[in-house]
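A.B. asks: Residue numbers (the working numbering), protein chains in the order written: chain A, 1 to 744; chain B, 1 to 99.
Treat the hints as calculated values from the structure; they're not laboratory data.
Careful, some of the hints might be misleading.
Straight-line Cα separation of at most 30 angstroms, DSSO-like style, residue types lysine-lysine; simulated pairs [what the hints assert, rightly or not]:
(1) B:66 <-> A:217
(2) B:66 <-> B:17
(3) A:372 <-> A:468
(4) B:91 <-> A:409
(5) A:103 <-> A:184
(6) A:184 <-> B:66
(7) A:468 <-> A:103
(8) B:58 <-> B:17
(9) B:91 <-> B:17
(10) A:103 <-> A:217
(11) B:58 <-> A:103
(12) B:91 <-> B:66
(13) B:58 <-> A:409
(14) A:184 <-> A:167
(15) A:103 <-> B:66
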Amino acid sequence: MKKVLGYTNAWSVTPGETIRVMVSTYGPERYRADLVRVICGDDEPDRDIYREEEIEAPFSGEYPGRTQPIGAGSYAVVPDSPSLAGLESFTVQAWVWPTTPGKGEQGLITRWRDDPAGGFALLIDDSGALAMRVGDGRGGVVEIGTGEPLAARRWYLVSGSYDAAAKELSVRQDPIMSPLESLKAADATREVELSAIADVGAPLMFAAFPATLSTGKAAAQRHYNGKIDRPRLIGRALSAAEGLAVAWDAMPHERNTQVVAAWDFSRDIGGDAISDSGPNGLHGRTVNVPSRGCKGHNWSGAEQNWRHLPQEYGAIHFHDDDLYDAGWEADFEYAVPNDLRSGVYAVRLRADDDEWYVTFFVRPPRGTTTSKLAFLASTATYMAYANYHWMMHERYCEATESFWTTLDKGDVFLQEHNEFGLSTYDTHSDGSGVRYASRLRPVLNMAPKTPLWSFNPDTHILGWLEEKGIEYDVITDEDLHHEGVGLLDSYRAVLTGTHPEYYTTPMLDGLRAYLARRGRLIYLGGNGFIWRCAFSPEMPGMLELRRAEDGIRYRDEEPGEYYLEFTGEFGGLWRRLGMAPQALVGVGTVAVGFDVSGYYRRQEASFDPRAGFIFEGIGADEAIGDFGILGGGASGSEIDAVNPMLGTPSHALVVASSEGHSANTYLVPDETGFHHCAMDGAQNPDIRADMTFFETPGGGAVFSVGSIAWGASLPHNGFDNNVARISENVVRRFLDDTPFPMPG
Amino acid sequence: MYDIDPSRTDLVAEFRKNPGGPYSSELALVVNRLRVMPMTDRHILVCTRRGRQWTLAKMPRERGTKLELYEDRVFDDYHEGTWELFRLRWKTVTGEDPA
Numbered sequence: 001m002k003k004v005l006g007y008t009n010a011w012s013v014t015p016g017e018t019i020r021v022m023v024s025t026y027g028p029e030r031y032r033a034d035l036v037r038v039i040c041g042d043d044e045p046d047r048d049i050y051r052e053e054e055i056e057a058p059f060s061g062e063y064p065g066r067t068q069p070i071g072a073g074s075y076a077v078v079p080d081s082p083s084l085a086g087l088e089s090f091t092v093q094a095w096v097w098p099t100t101p102g103k104g105e106q107g108l109i110t111r112w113r114d115d116p117a118g119g120f121a122l123l124i125d126d127s128g129a130l131a132m133r134v135g136d137g138r139g140g141v142v143e144i145g146t147g148e149p150l151a152a153r154r155w156y157l158v159s160g161s162y163d164a165a166a167k168e169l170s171v172r173q174d175p176i177m178s179p180l181e182s183l184k185a186a187d188a189t190r191e192v193e194l195s196a197i198a199d200v201g202a203p204l205m206f207a208a209f210p211a212t213l214s215t216g217k218a219a220a221q222r223h224y225n226g227k228i229d230r231p232r233l234i235g236r237a238l239s240a241a242e243g244l245a246v247a248w249d250a251m252p253h254e255r256n257t258q259v260v261a262a263w264d265f266s267r268d269i270g271g272d273a274i275s276d277s278g279p280n281g282l283h284g285r286t287v288n289v290p291s292r293g294c295k296g297h298n299w300s301g302a303e304q305n306w307r308h309l310p311q312e313y314g315a316i317h318f319h320d321d322d323l324y325d326a327g328w329e330a331d332f333e334y335a336v337p338n339d340l341r342s343g344v345y346a347v348r349l350r351a352d353d354d355e356w357y358v359t360f361f362v363r364p365p366r367g368t369t370t371s372k373l374a375f376l377a378s379t380a381t382y383m384a385y386a387n388y389h390w391m392m393h394e395r396y397c398e399a400t401e402s403f404w405t406t407l408d409k410g411d412v413f414l415q416e417h418n419e420f421g422l423s424t425y426d427t428h429s430d431g432s433g434v435r436y437a438s439r440l441r442p443v444l445n446m447a448p449k450t451p452l453w454s455f456n457p458d459t460h461i462l463g464w465l466e467e468k469g470i471e472y473d474v475i476t477d478e479d480l481h482h483e484g485v486g487l488l489d490s491y492r493a494v495l496t497g498t499h500p501e502y503y504t505t506p507m508l509d510g511l512r513a514y515l516a517r518r519g520r521l522i523y524l525g526g527n528g529f530i531w532r533c534a535f536s537p538e539m540p541g542m543l544e545l546r547r548a549e550d551g552i553r554y555r556d557e558e559p560g561e562y563y564l565e566f567t568g569e570f571g572g573l574w575r576r577l578g579m580a581p582q583a584l585v586g587v588g589t590v591a592v593g594f595d596v597s598g599y600y601r602r603q604e605a606s607f608d609p610r611a612g613f614i615f616e617g618i619g620a621d622e623a624i625g626d627f628g629i630l631g632g633g634a635s636g637s638e639i640d641a642v643n644p645m646l647g648t649p650s651h652a653l654v655v656a657s658s659e660g661h662s663a664n665t666y667l668v669p670d671e672t673g674f675h676h677c678a679m680d681g682a683q684n685p686d687i688r689a690d691m692t693f694f695e696t697p698g699g700g701a702v703f704s705v706g707s708i709a710w711g712a713s714l715p716h717n718g719f720d721n722n723v724a725r726i727s728e729n730v731v732r733r734f735l736d737d738t739p740f741p742m743p744g
Numbered sequence: 001m002y003d004i005d006p007s008r009t010d011l012v013a014e015f016r017k018n019p020g021g022p023y024s025s026e027l028a029l030v031v032n033r034l035r036v037m038p039m040t041d042r043h044i045l046v047c048t049r050r051g052r053q054w055t056l057a058k059m060p061r062e063r064g065t066k067l068e069l070y071e072d073r074v075f076d077d078y079h080e081g082t083w084e085l086f087r088l089r090w091k092t093v094t095g096e097d098p099a
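Given only the sequences and the hints, what does the whole structure look like? Please build it.
C.D. replies: Written out as structure tokens, the structure reads:
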């Protein structure tokens with residue numbers, strides 16, 4: 001269904017910078033590329049609000065199409081070395097925790113070439129048992145397996161040895177015994193009829209076999225799912241007792257001079273390096289960001305933070321569907337001209353009857369602003385949702401969202417193409433939660449003309465700004481993360497999107513500092529400022545989150561692995577970290593529901609002169625937002641309310657609250673300590689969105705609607721309605737230089 | 001788990017009349033039952049032209065494989081498509097076609 005896709009190396013660019021555009025076609029031999037400015041991306045024909053503006057660009061034109069492959073699946077690789085080439089007899093060993101031992105052949109430690117077959121490979125075979133394979137490089141292959149399938153999610157010490165003198169190949173798997181179950185140790189030995197094991201001159205790999213993509217680029221195949229801890233390479237065939245002694249020794253090279261390499265994955269957590277603590281320095285790197293900061297075979301439970309006891313966090317968890325950088329070749333570049341106005345842009349690709357928009361954000365020239373208002377694009381959230389598969393993977397998705405699964409063309413493509421990677425809402429093929437999301441790949445739900453979640457409904461706000469003639473700059477979460485309050489300081493007001501859910505610590509610090517000075521924040525969304533996430537300082541465009549404790553987690557986080565590897569911070573809800581959104585914007589998430597949205601009623605506080613500007617032109621008894629694209633109302637999808645115990649400022653005014661929520665709208669898990677029979681919107685008085693306003697001592701202010709659906713009510717009646725009116729009233733006052741006086 | 005009574009044609013008629021809900025409490029139980037079926041072989045819709053066309057499809061058994069698209073089962077009304085899902089899933093659960 002999709003015939004053309006693409007991505008850029010950066011989402012946020014400044015005039016003067018150049019971005020690279022990578023494109024792949026699926027069938028068509030040619031495609032056309034043009035530049036457009038995205039004004040409103042909602043292409044539902046009956047609404048007639050879609051708007052894009054074609055912009056002249058030097059790259060506009062026809063290009064030859066080609067299919068560019070993606071090598072998904074994580075692994076680690078150690079470059080070839082004389083220390084590897086000179087081996088005759090040897091042993092490879094590691095602690096492993098396989099998660100899908102029955103999925104088919106999986107490489108554990110390999111130095112292998114498929115054709116003609118040569119080298120060695122410690123692997124899990126098609127029966128799920130440990131096996132060792134050697135080849136003479138001329139097609140002669142000998143393999144021995146234990147014949148005993150490995151149990152999933154249990155630790156084993158696995159090893160394979162080749163004794164060149166005795167011409168013997170051995171393999172052995174020893175479980176860490178549980179007092180509650182009986183896992184079997186197993187071993188096997190056989191004669192090797194080959195003249196020699198070939199030195200294939202290949203790198204050594206963990207968690208996969210080597211492969212080559214159609215472009216000639218090195219990649220991997222037959223990926224392993226699970227953890228590997230403390231792999232070692234010893235230049236002699238060890239006995240079982242010798243193998244155990246090396247395996248349990250943190251520094252085996254100090255006691256065994258034949259240790260060639262002793263990799264220690266507890267080092268370098270947070271990056272892509274892997275270190276050999278042994279004498280030969282056989283260091284390497286990981287590919288496609290496997291999970292690190294993971295419990296090792298020796299995890300005692302005494303510590304939950306990998307930084308405090310790294311020696312118990314020496315495992316890397318590999319997945320066959322991890323992905324960092326799709327690695328496509330660039331089709332063309334675009335030097336963003338100095339006079340291109342700040343905004344949301346896209347390279348529009350057209351091939352046959354299909355089209356795709358490669359979306360990016362143009363900031364004003366560095367160090368300048370071109371408007372008093374900044375639209376803060378929620379790119380951390382866009383990344384967290386990137387290539388969302390929940391509707392294709394989760395049995396209860398329809399019951400959660402009160403809908404019948406209705407996929408988009410992009411979803412259909414993703415279902416068929418695992419190699420495009422997952423979102424942080426998904427689970428890996430082995431059932432573990434996805435912790436990382438990359439923007440260095442086509443993101444099929446971050447574009448105009450896609451379903452209304454995350455990015456695309458934010459363009460309702462952009463369309464409304466354009467309709468009202470309100471000028472704005474566009475800046476992004478990644479910019480805020482890297483530049484902090486300095487990015488915001490020159491703006492009179494900052495406007496959020498509909499769902500600014502994910503915040504790194506520097507992003508939150510930057511926003512708080514902005515408000516503490518004189519900043520003004522207009523939060524036109526819901527379920528915002530909820531989860532702590534982190535950007536990798538080493539791998540640009542990579543986001544991490546760990547869904548610790550509670551919240552709408554979609555899936556369990558692995559106990560003992562709640563600390564982010566990129567920063568060492570405890571993951572989870574900002575509410576659980578002592579910085580609830582109520583302490584930033586007055587309101588925080590209370591409920592979600594996707595079938596019917598509610599509407600707001602003015603509260604007594606709306607008649608306070610402090611809030612008078614908000615309701616100019618609005619009747620005292622008027623229902624506010626009893627219309628809209630999402631659920632037919634302005635208060636819906638995910639909604640927020642005040643809570644003084646969580647930090648709502650004492651002088652905050654709740655100027656309106658919502659009603660009319662459905663029986664399919666439920667309290668979020670963090671709002672209830674115990675399930676009960678009145679947790680839905682038809683029964684529970686706490687389920688409401690609170691429209692909230694408060695001033696700050698620096699002359700600034702915060703206005704929050706606390707609802708994702710608010711923005712989708714803006715276009716109603718040609719953007720002429722009370723949601724649009726209130727929004728405009730607030731923006732125009734917030735852009736006025738007159739300081740907001742603190743009450744009292 | 002709630003057991004759908006295939007003789008309750010009144011609930012079928014209610015859905016046919018108001019497929020988008022809200023539903024009566026009894027019909028809500030039926031709809032929820034039909035929405036928690038296993039993902040494998042679940043009938044779904046694919047939007048093949050925004051706001052204009054939906055095509056019946058069936059989810060595959062494995063990740064990374066094609067879903068089955070029934071190109072001869074195309075709807076220009078979304079609610080007609082959801083009625084088809086209701087009908088097919090009802091039939092799967094009860095063994096009887098409610099149409």
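A.B. asks: Work down the list of hints and note, for each, if the structure agrees.
C.D. replies: Against the structure, the hints come out as follows:
At most 30 angstroms may separate the alpha-carbon atoms for a hinted pair to count; residue 66 of chain B and residue 217 of chain A meet this at roughly 27 angstroms. With a C-alpha separation of about 33 angstroms, the suggested pairing of residue 66 of chain B with residue 17 of chain B is violated against the 30 angstroms cut-off. A distance of roughly 15 angstroms separates the Cα atoms of residue 372 of chain A and residue 468 of chain A; the hinted pair therefore holds under the 30 angstroms criterion. A threshold of 30 angstroms between alpha carbons decides the hint, and for residue 91 of chain B with residue 409 of chain A the separation of about 27 angstroms falls inside it, so the pair holds.
Distance restraint check for residue 103 of chain A and residue 184 of chain A: the Cα-Cα separation of roughly 20 angstroms lies within the 30 angstroms cut-off, and the hinted pair is therefore satisfied. Our distance criterion of 30 angstroms between C-alpha atoms is broken by residue 184 of chain A and residue 66 of chain B, whose separation comes to about 39 angstroms. A distance of roughly 57 angstroms separates the Cα atoms of residue 468 of chain A and residue 103 of chain A; the hinted pair therefore is violated under the 30 angstroms criterion. For the hint linking residue 58 of chain B to residue 17 of chain B, the alpha-carbon distance of about 25 angstroms falls within 30 angstroms, and the restraint holds.
Annotation: proposed proximity of residue 91 of chain B to residue 17 of chain B holds, straight-line Cα distance about 19 angstroms (limit 30 angstroms). A C-alpha spacing of about 26 angstroms is found between residue 103 of chain A and residue 217 of chain A, which places the hinted pair at or below 30 angstroms, so the restraint holds. Pair hint residue 58 of chain B plus residue 103 of chain A holds up; C-alpha atoms about 24 angstroms apart against a cutoff of 30 angstroms. At roughly 24 angstroms between alpha-carbon atoms, residue 91 of chain B and residue 66 of chain B fall within 30 angstroms of each other, so this suggested pair holds.
Of the supplied pair hints, the one linking residue 58 of chain B and residue 409 of chain A holds, its CA atoms being roughly 14 angstroms apart against a limit of 30 angstroms. With a C-alpha separation of about 27 angstroms, the suggested pair residue 184 of chain A and residue 167 of chain A falls inside the 30 angstroms cut-off, and the hint holds. For the suggested pair residue 103 of chain A and residue 66 of chain B, the alpha carbons sit about 19 angstroms apart, so the restraint of at most 30 angstroms is met.
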